[in-house]
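Colleague: Here the protein sequences come in this chain order: H and L. Per this note's numbering, the very first residue in the first sequence carries number 1; after that it's consecutive. Per this note's numbering, the very first residue in the second sequence carries number 1001; after that it's consecutive.
There may be inaccurate statements among the hints.
Claimed, not checked - Which bits of chain L does chain H cover? Going by a derived footprint, with three or more residues having C-beta under 8 Å, they are:
hint, stretch
1, 1021-1034
2, 1037-1044
3, 1128-1137
4, 1167-1180
Claimed, not checked - Residues of chain H clear of chain L, computed beta-carbon distances all greater than 12 Å:
hint, residue
5, 19
6, 24
7, 30
8, 36
9, 89
10, 91
11, 93
12, 95
13, 97
14, 99
15, 106
16, 109
Note that these hints are calculated values from the structure, not bench results. The C-beta atom is built at its ideal place from N, Cα and C for all residues, glycine as well.
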Amino acid sequence: MKCNNREKLFLFVHNMLDAGEADGVRRHMAGCEECARAAEEYRRLDSVLDDWNTAEPSPWFDARVRARVAASEKKNSGFFGFGRVRALAAGVAAVVLILVAVVVFNHQGVVENQQPAASQQQPTANTASAQNSPTTRVLRQPLPPEEQLKMDENLSLLEDYEVVANFDALSELPQANANYP
Amino acid sequence: MVVDSDLDLMLRVRQGDAGSFDELLRRYRTPLVKYFCRMVRDEALAEDLAQEAFLRVYKARHRYRPDARFTTWLYRIATNLALNAIRDSKGRQRLDGHGSNEDGERSFEFVDPRASVEQQLIETDRGRMIRETIEALPENQRAAVILHKYQDVDYRQIAGILKVSESAVKSLLFRAYETLRERLEPLVRGGQL
Chain H
1 MKCNNREKLF
11 LFVHNMLDAG
21 EADGVRRHMA
31 GCEECARAAE
41 EYRRLDSVLD
51 DWNTAEPSPW
61 FDARVRARVA
71 ASEKKNSGFF
81 GFGRVRALAA
91 GVAAVVLILV
101 AVVVFNHQGV
111 VENQQPAASQ
121 QQPTANTASA
131 QNSPTTRVLR
141 QPLPPEEQLK
151 MDENLSLLED
161 YEVVANFDAL
171 SELPQANANY
181 P
Chain L
1001 MVVDSDLDLM
1011 LRVRQGDAGS
1021 FDELLRRYRT
1031 PLVKYFCRMV
1041 RDEALAEDLA
1051 QEAFLRVYKA
1061 RHRYRPDARF
1071 TTWLYRIATN
1081 LALNAIRDSK
1091 GRQRLDGHGS
1101 NEDGERSFEF
1111 VDPRASVEQQ
1121 LIETDRGRMI
1131 RETIEALPEN
1141 QRAAVILHKY
1151 QDVDYRQIAG
1161 ILKVSESAVK
1171 SLLFRAYETL
1181 RERLEPLVRG
1191 GQL
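Next up, chain H with everything else stripped away, as it sits in the complex (with noise of 0.2 Å):
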């Protein structure tokens, strides 16, 4: 054992080394008398931890320990008894959250089914007013392919479209060149 090993001493005294450790601890000891003296102080000490005493229980300790079990076996076992309150309350939510869940699958039934129509609507709408624009659908979005055909058909229009369309922006070129040397 390492000289002075404060806590090997500390644990030997208070026997927790294994049996060979604590030969070593012996061994060590024997011939050494600062740790000899260093093992004496932990023994001093635990006796002098002895000095510390408490009060006793109360007489009627084992009276108020069994009233309160009784108390708490009677919340638990009486109709609203707390273990029954708690398992109507699971019992309660449980119910509350098939209900939920069943409202919420029925809602969203209803809401796929609408969708649909709301979407076939829609587009009606915007022919009615596109077939008065036409130019307004190629802008915006593509067209069908018959449509397409027709467009094609009519050339003209869409030149002119596309010119009146880039009219500003061509209208502005020569000003912007005129800015550069």
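For chain H, the structure is supplied; the task is to place chain L on it using the hints.
Modeller: Below, chain L alone, put in the same frame as chain H:
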């Protein structure tokens, strides 16, 4: 006469035997009240906590598994209760003005630190010095020292109670006893107060 083990008694409590619970109460009421007294000092609170510990043992009887010693289980419940009470009182102290009572005296743990008349009678100056030194240890060290020195609980069991390794308990105890040895040096060297 064959003495029933704690484990046998607890297994019978699990089956609803009130007599076995009474026997456990008889065996452990004094150690438990003394443990709480040393942990929280306030005697009334210590009794209340000890009653609560027994109540918890009773309520948890169906969850008791005989793979650990009964005392490990009991002291684990007790230690959790004691440490919670200490933390609660520290929280209250902060709210009440850093642990000073109405007279401006510094209290260590609780808002009203005055010991009962009985405790004042049994407490010597040496006893008070030892108590104050142990109370000044960090929570885990305090619990370990009290379990080891006053409750006669083996360090392996302390590891189970505090949920730390055995080597951690050895280290915890060594550090705690080193602090006590330094602070109680006048007593250890044989001086009188």
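Colleague: Taking the closest pair, is the beta carbon of residue 109 (chain H) still more than 12 Å from chain L?
Modeller: 45 Å, holds
Colleague: Does the claim that residue 93 (chain H) lies outside the interface with chain L hold up, using a Cβ gap greater than 12 Å?
Modeller: Label holds. Min Cβ-Cβ 23 Å, cutoff 12 Å.
Colleague: Is it the case that residue 36 (chain H) keeps its Cβ farther than 12 Å from each residue Cβ in chain L?
Modeller: Given a closest Cβ separation of 16 Å, the condition holds.
Colleague: Would the least Cβ to Cβ distance between residue 95 (chain H) and chain L come out above 12 Å?
Modeller: 28 Å, holds
Colleague: According to the definition I'm using, a residue is off the interface if its beta carbon is farther than 12 Å from all beta carbons of the partner; does residue 89 (chain H) meet that for chain L?
Modeller: 19 Å, holds
Colleague: Counting residues of the stretch 1167-1180 of chain L that have a beta-carbon nearer than 8 Å to any beta-carbon of chain H, does the count reach 3?
Modeller: holds (count 7)
Colleague: For residue 19 (chain H), is the shortest CB-to-CB distance to chain L above 12 Å, so the non-interface label stands?
Modeller: 16 Å, holds
Colleague: Say whether it holds or is violated: residue 91 (chain H) keeps its Cβ farther than 12 Å from all Cβ of chain L.
Modeller: 22 Å, holds
Colleague: Does the no-contact call for residue 30 (chain H) survive, Cβ to all of chain L over 12 Å?
Modeller: Non-interface label stands for residue 30 (chain H): nearest chain L Cβ at 23 Å, farther than 12 Å.
Colleague: Verify that the Cβ of residue 97 (chain H) lies farther than 12 Å from every Cβ atom of chain L, and report whether the claim holds or is violated.
Modeller: Answer for residue 97 (chain H): holds, closest chain L Cβ roughly 28 Å.
Colleague: How does the stretch 1037-1044 of chain L fare against chain H when you require at least three residues with a CB closer than 8 Å, holds or violated?
Modeller: holds (count 3)
Colleague: Between the stretch 1128-1137 of chain L and chain H, see if three or more residues pass the 8 Å beta-carbon test, and mark the coverage as holds or violated.
Modeller: holds (count 3)
Hint violations for this structure: none, all hints satisfied.
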